[in-house]
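There are 2 protein chains.
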Amino acid sequence: MSLPSAFDAGVVAALSALDAKSVKHVFFIACGGSLSIMHPAKFLLDQHAPLPSDIYNAAEFVARAPRSLDRNALVIFCSMTGTTKETTAAAEFARSKGATAIGLTVEPASPLAEAVDHVVGFEAPYTTGVPIDAKNSNYSRIYQIVMGLVALTGGEDLTETLIDSLVALQPAIDRAHATFAPMFEDYAPRFAKEDVVYTVASGASYGAAYSFAICVLMEMQWINSQAIHANEFFHGPFEVLDKNRAFILMKGLDSTRPLEQRADEFLHRFGSAENILVLDAEKLDLSGIDPQFRGNVVPLIFFDTLWRFAYKIADLRKHEMLEARRYMKKISY
Amino acid sequence: MSLPSAFDAGVVAALSALDAKSVKHVFFIACGGSLSIMHPAKFLLDQHAPLPSDIYNAAEFVARAPRSLDRNALVIFCSMTGTTKETTAAAEFARSKGATAIGLTVEPASPLAEAVDHVVGFEAPYTTGVPIDAKNSNYSRIYQIVMGLVALTGGEDLTETLIDSLVALQPAIDRAHATFAPMFEDYAPRFAKEDVVYTVASGASYGAAYSFAICVLMEMQWINSQAIHANEFFHGPFEVLDKNRAFILMKGLDSTRPLEQRADEFLHRFGSAENILVLDAEKLDLSGIDPQFRGNVVPLIFFDTLWRFAYKIADLRKHEMLEARRYMKKISY
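Residue numbers (UniProt numbering), protein chains in the order written: chain A, 1 to 333; chain B, 1 to 333.
Extracted from the complex, chain A is given alone in its bound form:
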């Protein structure tokens, strides 16, 4: 089989160099925001192939040294700047065990790029300030890797369908901004006053909830947070819910949507609607995105639109999104 011509050249080069059928285990390794995209990637792989995989924080991965890490392992890393020390060290560790390492990064001359077998570039608006097309994002590139791997290891070849859907993603994001804008305008003044804001999601969307909690709310706004899995919510966390508590709930379109729907009903039963921001993918116009990938791309739409909500909160709090840091990249640690 051959991969679609519209696939990213870096993805094609990495997968072509690989003896795909020898891959017995996939590891998805990164830190923080880059780790968050590994959750939807594993979700996609779990759906389409019986190929085992693990997601680990890069430092955990090295210290744990899982026995499945050997020459038949494929390890996929991501670091936007390519300078995350733990991730580079993990790439060196993986290669020392004979595994094949693919590194996703914006910077092709970075330490991570040097440490891996194959570099896959991507674009991120946060480095240049220039808007990107979502088909060039880390999500898009890792989805191409996963579905390419599925096809190359004997699974169904959905690569053409995937790439067509990824090309249709940016227009869908642009429409989503307009769809959610009035709700963000309404909720921002209340959320800007909160000291604790939880995010809730499951399935393909859990990573986006994790990233918004730790990288945006905690890191950029110093707001206390946690990403709560939509069903785990009912096994402890829901007891913190009252009429004043703020939640952001993602209702996606993947097979776990009923879990998020159940959380939605409970949140509205015992919380206040004005403190529960619900991003419901059923409200989005997803034209051009194949139904079988809608659930997979929705978290990127959620995350991208939520940046606008975050900036509104930041303005109201007078707390700079990209500059206000006590520690990150300001001191050595």
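Be a bit skeptical, because a hint or two may be false.
[Said to hold, decoys possible] In silico DSS-like pairs for lysine-lysine, Cα to Cα no more than 30 Å straight-line:
#  : chain 1 : residue 1 : chain 2 : residue 2
1  : A       : LYS330    : B       : LYS24
2  : A       : LYS329    : B       : LYS312
3  : B       : LYS318    : B       : LYS330
4  : A       : LYS283    : A       : LYS135
5  : A       : LYS135    : A       : LYS243
6  : B       : LYS243    : B       : LYS85
7  : B       : LYS243    : A       : LYS318
8  : B       : LYS329    : A       : LYS97
9  : A       : LYS283    : A       : LYS312
10 : B       : LYS24     : A       : LYS97
11 : B       : LYS85     : B       : LYS97
12 : A       : LYS243    : B       : LYS329
13 : B       : LYS312    : A       : LYS243
14 : A       : LYS243    : B       : LYS193
15 : B       : LYS243    : A       : LYS193
16 : B       : LYS24     : A       : LYS21
17 : B       : LYS243    : A       : LYS85
18 : B       : LYS312    : B       : LYS243
19 : B       : LYS97     : A       : LYS21
[Stated by the list, open to error] Chain B is nowhere near these chain A residues, computed Cβ spacing over 10 Å in every case:
#  : residue
20 : ALA13
21 : ALA17
22 : ALA20
23 : GLN47
24 : ALA109
25 : PRO131
26 : LYS193
27 : GLY203
28 : ALA213
29 : GLU232
30 : TRP307
31 : TYR311
Don't read these hints as lab results, they were simulated from the structure.
Computed from a prediction, not measured in an experiment: that's the story for all the values here.
Backbone N, C-alpha and C define an ideal beta-carbon position, used for all residues, glycine too.
For this one, chain A is given, so just place chain B on it according to the hints.
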């Protein structure tokens, strides 16, 4: 090979009935507090065998329907009362796919016990109020399953060493209570006033941090919380740290201890020592526990001793540990 005579009879029966070499994938499935013990179980398996495994919340597992779930999968469930609906449904789902299901529960006549192929009983003090011996806990039983599986699938046979260590665990817990008591006495009045308390850990201890955050702090005390992975801490969450913020840090003895050590140093550099409760396993007398399993059993010691800290906080807050619930088992949902 034969399993040690000191192994639990239920574990021996389950493993003896299994064609261990046909097992290609292990799933660790539960909800909430029972899900938390799956993290150290997977850590132990990752350390000792190249056998792939996944941890999923029970409802996520069913909705996700991973392609690795087939007749060559072994699925290990846990529910203390055996009445957790999502877990029972997941056991039925797993068996419908041809997988072998082992269920850990205190109640041998419960719905979960009915739904699985093999029941493994355990003891929990929370059901009877009577203290148990830790060698009969869910941790102990799942570790016996994991190390039995490692031995039966061609890995090193450490089952005798494990069971000897588990027999030595309760005395170590009893000594740990005395070791940590003065620190708990000191910290409880301050922590009782906190609205947000984070837990931090990695490796084998992450599950204990998760359980204390969602089942004890959030569920039982309505205190906002999150279990932060000790290295993920540096990739976002650490920005919420200031001199007033409260953290509970677990410093275990497994291979990820340097990650927890690094978090410890940062917490003490920018936080206040009086708001950072550190459980350091190096302070414990672990006589009788083999060095190669010390890192694995330490989280149970942490969790067991932390109950005493939680009860102290509950007394000071006048917020009942076991009775004060708004929703759990008080309403239908």
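Identify every previously stated hint that the structure contradicts and give their numbers, smallest first. 1, 2, 5, 6, 8, 23, 27, 28, 29
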